[in-house]
Amino acid sequence: MMNPVDGTGFSRESTAEVVTKLRCRNIWKIYGQRPDKALATALGGSEPPLTLKRRLEETGHFLALADVSFDVQQGEIFVVMGLSGSGKSTLVRCLSRLVEPTSGEVWLGGENLLAASERRMVEVRRKVMGMVFQNFGLLPHLDVLDNVAFPLRMQGMPPADRTAKARDMIELVGLRGRENSMPLELSGGQQQRVGIARSLAVDPELWFLDEPFSALDPLIRRQMQDEFLRLQQLLQKTIVFITHDIQEAFRLADRIAIMREGRIIQIGRPADILLTPVDAYVASFTEEVSLAKVVTAGSVMAKLPGNWDASRGHEVDAATPIEMLLPRSLAGTQTFVITREGEGPVGLLTSEIIAKVLANDTAQRVVR
Amino acid sequence: MSILAALPVRVDNPAPYFRRQTVWFGILIFVSFCLAQRTAWPWLLTYPKAWILPAAPAVNGIFDWLVPLLTPPCAVISSMLGAALDACGFALRWMPWPATLAFFAVLGWRAQSWRLALFTAVALGYIVLAGYWQQGMNTLSMVTLAVPLAVTLGFLLGVGAHTSRHVRSVTLVALDLLQTVPAFAFLIPLLLLFGFGPIAGLVACVAYAIPPMVHCTMLGLARVPVSLLEVGGMAGCTRWQRFWHVVLPTARQQILTGVNQTTMASFSMVIMAAIIGGFNDVGWEVLDAMRKADFGHSLLSGLVIAVLAMVVDRITRGFAQPRHGSARQTRHDAVRVAAFLAVPVVGGALLHVAPASMARIDTLQGVVDPNALNTFVLDLVRAFSAPLDSLKVFVLYHFMLPLRIGLAAAVTPFTWGFAWTPQVSAFYAATTLVLAAWLTVNGRWGAGIVVLLGAALLLFGFNGFPWPAFIAVTAGLAWSVGGGRLAVPVTIGTSFVVTAGLYEPLGQSLYLCVLAVLICTFSGGLIGIAAAKSDRFSALLRPCCDTLQTMPQFIFLIPALMFFQVGELTGLIAIALYAIVPPIRYVEYGIKSVPADLVETSRQIGCTAWQRLIHVEFPVAKPEIVLGVNQTIMAALSMLPVAALVGTKDLGQQVYIGLSKADAGLGLVAGLSIAIVAMISDRIMRATVSRAGNSLD
Ligand SMILES: Nc1ncnc2c1ncn2[C@@H]1O[C@H](COP(=O)(O)OP(=O)(O)OP(=O)(O)O)[C@@H](O)[C@H]1O
Ligand SMILES: [Mg+2]
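Chains as they are written, first to last, in my numbering: chain A, 2 to 369; chain B, 14 to 710.
If you are wondering where the hints come from, they were derived from the structure by calculation, not from laboratory data.
A few chain B positions that, by computed beta-carbon distances, are all more than 10 Å from chain A: (1) Asp-99; (2) Asp-307; (3) Asn-387; (4) Pro-435; (5) Ala-443; (6) Leu-448; (7) Leu-554; (8) Ile-693.
DEER-style ranges, computed between Cβ atoms: (9) B/Lys-635 with A/Glu-59: 34 to 44 Å; (10) A/Pro-159 with B/Ala-104: 36 to 46 Å; (11) B/Val-183 with A/Arg-55: 33 to 43 Å; (12) B/Arg-33 with A/Gly-33: 30 to 40 Å; (13) A/Asp-37 with B/Arg-33: 41 to 51 Å.
Every residue gets a Cβ at the ideal spot worked out from N, C-alpha and C, and that includes glycine.
Build out the structure end to end from the sequences listed, making use of the hints.
Here you go:
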C-alpha cells in the first residue's frame, strides 16, 4: 500500500517543479468537555479507529478529526471527499483556524499556523486565505458590491480602491450589472458567484471551498464547475476543495483525499484511486465513476522504446481521458503517441492497455 | 413573558409508574383526611396568625436599613431625571399641537406608509379634540425619556449576557422576577427611595421596560448564524469588527423588535405609575375619572391611552420592519427624513411668533363634551340594566360562588332552586367515585385522580380547601411531571406563600385566575380554531388582537366597570379581557402549523372535520396550546393587582394595599407570592410539554 500522506508514486503528471504550499501534520480535533484528556487517551492506546471513537463517545467526546496529514502543492486542486459527517468541514476550518484543532501542525511556508497568535491569524486570513461557504454566507444587509468589498473594508482599504477591486471581481464571476442587488434578490447560483467573488477579492494564495456547489441544482452545479475550472486556469490558486459528490471530485481534482469518520483513508490522483482503491469502502464509493472517463492517457502510458521512430502513430495529449480515444482505437488504431505540451512525445499507449483499463473497470463491477 | 420560555426547564426523568400511583394514593388519603378534619381543626382552613413567619416585617427591616443608605444617590438620580423630564415635557408642551401632529405624521409616513401617517394624524387629532393634549404630552415625555434609558441598559445587559455565562445566569433570574412580580409591587420600594411623584414612576417605567430589550437582544445575538460568524472570521475581522459589522447588522431586526416591545412596556408602565400620582398625565385622568364613576371622562381618556398606544406601537414597529435597499440608499434616506422632520419643528417655532393664531388653534382643544357621552353611556347601561343584572347574578351564583365557597355552601333554594341536603351530598360523592373508578379501570387513573380532586375542590371551594392539602397536591403535581428537582422548589414556594399568612388571598387569587383562564381558554380557543379554519376571519382578527395586546392593563377596567360596577365580576371580566389573546394566537398558530401531509392523510383516511380536529390537530398542536394556556395564566396573574382597583380581595389587593400604605413588606411579599404562583404554574406547564417530548422554543 502506498503512503497516504503524500501519495508516493503519484507525482504530478507535469514534470514542472513541485512546491508544497500547505503541509498538515497529525491534526486531531475532538469535541467535548475535556478534549486534551480525550486526546491523551487516543494517543496512548493503539486500538482500531472505530473502537477508539466509540470509547471517546462514552465520555461525551466526539472524534471529528483523527491524525490527518497531507500536503497541498502550489497551483493544485486538492479535493477532500467524504460522506456527510465525515469531518470535511471541520478539517478545512482547522486549516484556517476558524475551528481550533486539538493538536497538530499546519505549515504555511515556514510558519506553523497553529502556533500563530490570534493577531497573526487575522493577518493571515486577510492576506493569504479566501473561503467559499456551502450556504453562501452573504451578509443580508449588504448589497452585492458591499458584500464583495467586505474583506477589503475590514482591512481598512479606502472606499474608492475597494469598490474598484470589488467591481473587477464581480466582472470576473460574470455578475456585472447586479452590483446593487441585495443577496435575497439573487438566485442560488448568482449568490454563490458573489461568494466566490468575495473570497477572491483579497487575492488569496490559498483558496478554500467548502461544498460550494452542493446547494445548487445539478444543471447549475455543472455550470459552476466549468466556471470554477475557467477561473483556476486564469488564477492558478492553491485550492482545497471540499465535496461529497464523487462526480464533482473526479471532475475537478488534481488529487483527492477520501475521508471516513474523521480519518483520511486514501490520497491519490483520481485514476489511482479508481484503479487501486485501498479498501472496499473506497471502491464502493467510486463505483459510479467510469474509469475511461477519469483515467488519462498520460497516467497509464508505457515508456517510449529507445528505437522509436518519430513518424509512427497518432499524437495525443497526456491529459486526454481514455474514453476519448475509444472510437479511434475501435476503428483500428493500434498505437497512440502521448505528448505533453512543451516536452514533445513522452510515451506510448497501445490499444491493449486501453482494453486492460476497460476490463478492470468491468471486472470491478462484476466482483461486487 | 416570552423570557420564561427561554429559560431551561430542568426535568428529571418523570417518576416511575407504580411509585407515582402509590404517591397519589397517599396524597388522596391525606387530602380526604384534611377535609374530614376541617371542622374539628379550624387551623386547617385559616392558617393561624401565631404561625406566620415574619417575612413582611423582615422586608420592612431591610428597607429601614437600606433606604437611608440609598437616599443620597437616589436624590442625585432623582434631580437629574427630574430636570430631564421637565425639559422634555416643556419641549413637548411648548410645541403647538399642529406641529407635533405633523411631526408624528411624518414619522409614521417614513415608518410605514401614508396610511399610517393618516392614522397618526387622526389619532392625535382625537386627543386634541378630547382635550387631553397636555396630559398626553406629559405621558409621552415620560416615555420619550424612559425608552432610550431602557433600550441602552437593556442592550448592554443583553450583550453582556450573550458574552458571559455568569452575567447570563444572573440576568435570567432577574428578568424572570421582573416579569412575574406585578408592576405595582416594585413600585413600592421605588416609592420609598424616590418619594411620591413622577420620578418613582419613571424609574419603575425604565425597570419594567428593560426585560423585553434584554431578551430580544440576547435572542437576536444568539440567532446570528455560525456561518456568518465564520464569514467574518475569514474576512479577517477582529473581534470588534465582527461584532460591529457582522453580528449587529444581522441581529438588527430582532433588536429593533426589542425597541418596539420596550416602548410598549414603558408606555404601559407610565399609565400604571399614575396610581402613585403627582403627575398630570393621561393615566391619572383615567384613574381619577374611574374613582369618580365619571364614565364619560374615563372613556374619553381611556381612548386617549388606547390611541396613543396604537400610534406609538405602529410607528416603532414600522421602523423595526425589514428594510430593502442598500446601506447607501438608507443613508440617503435618513438625510431626507431629517429634512422632512425639521419642517414641522420650524413651523411650530414660527407659530409662537404669532400669538393670535396660536390662540385660535388652541380653541380646538377639548371640543368634545364628555357630559353628553356620560349621559349616553349611563342611558345605555340603564337600558340594559335588567339583562345585565340577571347575567351578573347568574354568573355570580352559578360559577363564582361555587368555586369560592364550594357547592355545599353556594347551593341554596334561593339561588339554585334546591337545598344541598346530605342526600345530594351522597349522590354527588357516589357519582364522582363511580366516574373515577370507571376511569381507573380503563387505565386512566391520572384522569380519575383529577376527577376526585376536582370534585372535592368544587364541593368545598377554594376557600374551604385546607392548606396542607393544597401544598401536598401542588407538590405531587410538580413531582409527577418534573421529578424531585421541580417538586422541591415548588413546595418551598407554596410553603412560603402559606407561612407568610397569605393563604386566604391566595385562594381568592386562584379562584379568580382559574375562572378567568377557563373562560379565556374556552372562548379564546374557539376563536382561535375559527381563525385557523378561515383566513378571512384570521385577517380580521389580527388587528384586534394586536390592539388588545398593546393596551395598558388599566384600559380593560373601564368597560367592565361601566357595565358591572365595582366587584369581583368586574375584576374577572377585566382579567379575562386582558388574558384572552394568548389562547387565540397559540391555538390558531398551533393548528395552522400542523403539517399539511398529516392533514391530507387524515382526510384520505376519511376523518370528518371534527374528528380531524380532535384526533389529529389538537394532539399535534398540544405544545402550542399548553403554551398559550401558560401565557394566559401569566397574563391573568399579572392583572390581579390592577383588578384589585375594582374591589377584588386577593393577593393583588394586598399588593395594592401595600402600595397605598407604602408598606414595602406587605406589598413585596404579596407581589412575590404572585410571582411564585406564576413561576410554579409556568414550570409545571412547561415540564408537562417537555415530557410529551416537545420543546417549547
Ligand atoms: N461544535 C461541535 N460540537 C460537537 N460536534 C461537532 C461540532 N461541530 C461538528 N461536530 C461533529 O463533527 C462531525 C463532522 O462534522 P463536519 O461538519 O466536519 O462534517 P462534514 O463532513 O462537513 O459533513 P457535511 O457534508 O454534512 O457538511 C459531525 O458528526 C458533527 O456532528
Ligand atoms: Mg460540511
